[in-house]
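S.K.: First to last, the sequence lines map onto chains F and L. With the first letter of the first sequence counted as 1, position 272 gets the number 263 in our numbering; the numbers rise by one all the way through. Each position in the second sequence, counted from 1, maps to that position plus 22 in our numbering.
Hints in this document: simulated from the structure, not taken from any laboratory. Bear in mind that the values here come from a model prediction, so they are computed numbers and not experimental data. Keep in mind that a hint or two might mislead.
To be verified - Reference listing, derived: stretches of chain L covered by chain F, where coverage requires no fewer than 3 residues with Cβ under 8 Å from a Cβ of chain F:
| hint | stretch |
| --- | --- |
| 1 | 205 to 215 |
| 2 | 336 to 349 |
| 3 | 418 to 428 |
To be verified - On the chain F side, residues computed to face chain L include the following (Cβ under 10 Å):
| hint | residue |
| --- | --- |
| 4 | 30 |
| 5 | 53 |
| 6 | 105 |
| 7 | 119 |
| 8 | 226 |
| 9 | 231 |
Said to hold, decoys possible - Here are some, though not all, of the chain F residues that point toward chain L, as calculated from beta-carbon distances under 10 Å:
| hint | residue |
| --- | --- |
| 10 | 114 |
| 11 | 118 |
| 12 | 184 |
| 13 | 228 |
| 14 | 229 |
| 15 | 235 |
Ideal Cβ placement from N, Cα and C applies to all residues, glycine included.
What follows is each chain in one-letter form.
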Amino acid sequence: MATRSLTRATPYAALLPMAVVAVLGYLGAGLWTFYLSLTASRTFPSAHVIGLAQYHRLFDNERWMLSLHNLAAYGALFVLASLVIGALLAVFIDQNVTGEGVLRTVFLYPYAMSFVATGLVWQWLLSPGDGIDSAIRALGFDGFRFDWIVSQDHVIYTVVIATVWQASGLVMALMLAGLRGVDPEIWKAARLDGIPAWRVYAQIVLPMLWPTVATVLLLLGTAVAKLYDAVVAMTQGGPGIASEVPAKFIMDHLFLRSNVGLASAGAVVLLVPVLALLAPYAYARSRKEAA
Amino acid sequence: MVGTRRWLLGVCLCAWAAAHAGPRAEVIHWWTSGGESAAVKQVEQAYRAAGGTWVDTAIAGGDQARAVTINRIIGGNPPTAAQFNTSKQFLDIIEEDMLNPVDDIARRDHWDAVLPAPIVDVIKVRGHWYAVPINIHMQTWIWYSTSAFAKAGIAREPASMDELFADLDKLKSAGLIPLAHGGQAWQEILLFSMVLSNLGGRDLYLKVIRDRDQAAIHSEAFRKVLVAFKRLQGYVDPAAPGRNWNDATALVIGGKAGMQIMGDWAKGEFIAAGQTPGRQFGCLPGLGKDSPYLIQGDVFVFPKTDDAATLRAQKLLADVVERPAVQLAFNKLKGSIPVRLDADDSQFDACARKGMAILRDPRRPVGVAEVYLTPDQNGALQDLLTAFWNTNMPVERAQNSIASALRY
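This is chain L alone, in the form it adopts within the complex (with noise of 0.2 Å):
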């Protein structure tokens, strides 16, 4: 008799609980190193104190959780909200109908205006908004050395690709090494989009990525453009092959090598050495003051459902996503800068607040690779660009190999 009554009371509990619960939210997403948990754990609060439950599904490693939620989705068994970069990796799914737009939230806080145009781009795709966006990465800044610099005999930074390579002429009869660079495939591109956007201009690079012009990748331009990427290589270490992208910082931030061009991730690792923008260490968006500024980021996807309480969950978290106060206090961890064009920028470093007030100028941001090209068109431009890199492909080969492979 008893048991029976503590039985039901437990029913009871758990009926209340249910009912009371607010919106659940399963998410997977890939933010697993320090600074980026940490960041992450500012959405979890705030989706908290808006009275939902957030369920944490981090997988290490970019490739790893978006195979998993791709498969879920396929499964029938999708989360509530999955990460994505900002690029067409989620095209497909928005194609087969299996993402829910966020329509109603992105017209209440007017994201056309609010949001830079290449991220919106990406998001809405005819007409309907399929994506929150939470941060935009810069990929392509300089960073470099003041110590190195000064021992070179460097005064001011470069604001051209003529004198970028004299610095580097420089920085290397100092005896240091002039460009910090880790030989990866992704860093290779990387460093390929810095000099496209710098050298080749706007122009060049949309016209190169974003439309796959195949006369533009067989224009004279676009040439010099290769030339000078490869040019770059002769300025790097014999131990660059392989290394990460933290330990070609680790150069910079010992004064060894000059300058590396990275995404503004790497900002943490000289925050974490103790430096300070603008003292030991510079940050460089881009050559002149009119450069391209290179744009990425992470958005969140809501796989589609009609489950009641799930859809709720996922119009609070897109919600939330989206508050001023949440893009800033993940951005500051994260080393990432808000979506929203009007945020405040007064609690972000020099580095930030220089990205911030480019992005404000809608002639200089555009997409990375990513942005415009598939999964396998970036691949397949990756491949390229990293055999080209790394061995003795004459340029005109170069070229007619990016154009056959970008034709697909």
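Next up, chain F with everything else stripped away, as it sits in the complex (with noise of 0.2 Å):
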């Protein structure tokens, strides 16, 4: 009986170090933030509260409000572009292609590097004088200018391209792995009945990877939502704000301008999509496990 108990509480226990972590580092941590935010604290936590009045300041700031547009805009094309880019490189690669191993290391490359070196090499290739722009001027097209980096309206458009190369390699790596999954029998079917590669693709294949893509989707939305270091290394926000992220403005608050309440304000605002992101994944998984 004894050691029945035991043997039951043994998971526990040695789940008990990541719940602590999991309550006192992100639940109490959280928390905490949010009860920030509604104090006029500066450089030093304070525990004068002041209501809403952080997160209305929060509102009236122009650079706040651009940062949420260039995420929402930045979100959108990001989390596409890596999707069908990775989707298409699996596919590919899915096709018993000769080098398999080489290529997939070449694609999976990019994500061993760090966002800073990311940025830094992609502000490079980028710079206008140098780089894309004169490498493509050289090979004869005189007109050709790529300027992106230093255009208000297409700044933003540079850091999609950067981490889009960078991320989509992961994607295709989870979705190779899904694609070797499927049961080799469906193909087998497919081409008895003479149903084009394509089709089987997108029709059959592809739905049935509805989980990886799921997983997909949710370590895209969560590296939206941090985007901070593409966007130091690359652009610094600039030219002026027009490529300014919110993850940018809370970390400036919190140490450069010496603002914790504001900063906080900004941090929980910022929460707030993320929870709407993974609340429906939540639900359709706890709906499933039930089932």
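Join these two chains into a complex; the hints should help.
M.R.: Printed below as a string of structure tokens:
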């Protein structure tokens, strides 16, 4: 009897450190941040509660509003492009191409690089007068101009380019693992029926990979919300404030601008879309488990 | 037996060393570039000569260094002394009662009389002195290339904003880059401060930046300042966005650009290129002879402690930093000027001597934006100015946005 209850307690004991970290580190810090966002904290946390004034100030701030706008545009493009490119790469490698190992490594390699290194490399590549701009002109296209990184309206797309380059390799790896898990019998059956390969992918195999896609979306979604280092390395939020993002606003106000209260309000606002993304996923999972 | 004796001897030596070691100061600062570290070495040597031990904690980047200082103060393991800019950066730490005042040295050396008023306003809070200033930087010098001026046919230095624009036009028609600029937010607020203080004048500058006076921000005079600031953008080359300040200075040094508006640290670049003030380049502290002189600088603060040895180390450092000889040695290498109005200027170059003379006129020195604004107000202003500079934002909207940003 005692042995049995011990056996049953063991997994819980093993989970305990993680549970403590999750409760204190994430939940506790989250609640503490929410509390600070209601105070007049400046360099130091303060107990002077001022209600929603920080939120009012936050949404009166042009840079914050532009940051949110940038994040929405960036998020939509980044998730879509990474997903499409990653899936196409996975399908391509799934055709049993020669040198698969080499290609897989090549495609996954960017993911091994830090965002800062990625950002710097792409800053050089995209800088007008150098990199891509001058390389294409050297090929004879004299009128070619590629100056998105110094353009107010296009700079955020350069961040999309750099981060998609980095993230699509990971999407490929996950999707490829999913494709390899598909029952070969399905392929045999489809071949017998004479269905073209692209239709098998589009209508049978990819829908079967829905759990993999959900995982990929979750990973990409969190990457969007925490976008910071790539922007710092590539544009530092510029030109002007054209490529500012919410995480950078929060970090700047937390440290350089000594306004813990406003930074906390920003962090809480940033948590809302993350929860909005996460909630349907968690709900679907719990329903599936219940069924 | 021999081992024990040796061990005892060791203990004795250590105890002797501890009893006889002078004050030991761990100092956090961000003077890491060549000229800066040579300058801080002068303070270190003076501190050693006065019997102290200097433990150097240099951290590259002011933001990082200040974050480390604040984290260590909160964590209960503060350094003996730490660098801040002469600004409101350390006001919150004073309010939390986490700094030791240095009132006795301030009184002994008559800081009220020998330091410029904008510096006193920052370091003296409710009658107590909380920081030891070490230098003064003037942020909005106009540096110009004499060869570019000659090529464009400019005979004398501009003395008003209109003359400045006329000269910029001449430089443009001579095929030169009229204004060398680095398109980074802090350089844009610097340019704006120059226009606000020179075109708007001292009163408008103080009303907007110090008093955050809504009526002054909505005034026609301030609108004119914004228009003139934006007009300067027409004289900047297209490759300016993101450029570092020293690369912009290099354009003036090479005679490719006519002028640059930058702090006195730019002088080091001209000197390093073998140029002499008054010969290959000129330095102009402002437009007209009564122009406001925008100053800032660096200070040391002393985190609170009850430890007698640390207190002694803090006192000694405060004393050493303010000695005229240390002020001279440090500032000559740093490119800044001494904080003491009674400092001997004979050893400085022509530009620094101009600055020191202006500083003695109490009507001219005013603080830069950071002296009056909290870091987040200053940051919000910087965000708006850089957006205004870089986009087609209408001037009325910029005016309203600045007014609402400075309301908080």
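S.K.: Look at each hint and say if it fits the structure.
M.R.: Right, here's what the structure says about each hint:
1. For the stretch 205 to 215 of chain L, the assignment as covered by chain F holds, since 3 residues bring a beta-carbon within under 8 Å of that chain's beta-carbons and 3 suffice.
2. For the stretch 336 to 349 of chain L, the stated coverage by chain F is not satisfied: 0 residues place a CB nearer than 8 Å to a CB of that chain, which falls below the threshold of 3.
3. Only residues whose beta carbon comes within less than 8 Å of a beta carbon in chain F count, and the stretch 418 to 428 of chain L has 3; three or more means the coverage holds.
4. Hint status for residue 30 of chain F: violated, given a least beta-carbon distance of 14 Å to chain L, over 10 Å.
5. Restraint check, residue 53 of chain F versus chain L: the minimum CB separation of about 6 Å is within 10 Å; hint holds.
6. With its C-beta approaching chain L no nearer than about 18 Å, residue 105 of chain F sits outside the 10 Å limit, and its interface hint is violated.
7. For residue 119 of chain F, the interface hint holds, the least distance from its beta-carbon to any beta-carbon of chain L being 8 Å, beneath 10 Å.
8. The restraint placing residue 226 of chain F at the interface with chain L holds, with a minimum CB-CB distance near 8 Å, inside the 10 Å limit.
9. Because the smallest distance between the Cβ of residue 231 of chain F and any Cβ of chain L comes to about 3 Å, under 10 Å, the interface hint for this residue holds.
10. Of the supplied interface hints, the one on residue 114 of chain F holds, with its beta-carbon coming within about 9 Å of a beta-carbon of chain L, less than 10 Å.
11. Interface hint status for residue 118 of chain F: upheld, as the beta-carbon distance to the closest one in chain L is roughly 8 Å, under 10 Å.
12. Because the closest C-beta pair between residue 184 of chain F and chain L is about 58 Å apart, greater than 10 Å, the hint is violated.
13. For residue 228 of chain F, the interface hint holds, since its Cβ comes within 10 Å of a Cβ in chain L; the closest pair sits about 8 Å apart.
14. For residue 229 of chain F, the shortest C-beta to C-beta distance to chain L is roughly 6 Å, which falls under 10 Å, so the interface hint holds.
15. Proximity of residue 235 of chain F to chain L holds as hinted, the smallest CB-CB distance being about 8 Å (cut-off 10 Å).
Figure legend: structure checked against the earlier numbered hints; hints not met, in rising order: 2, 4, 6 and 12.
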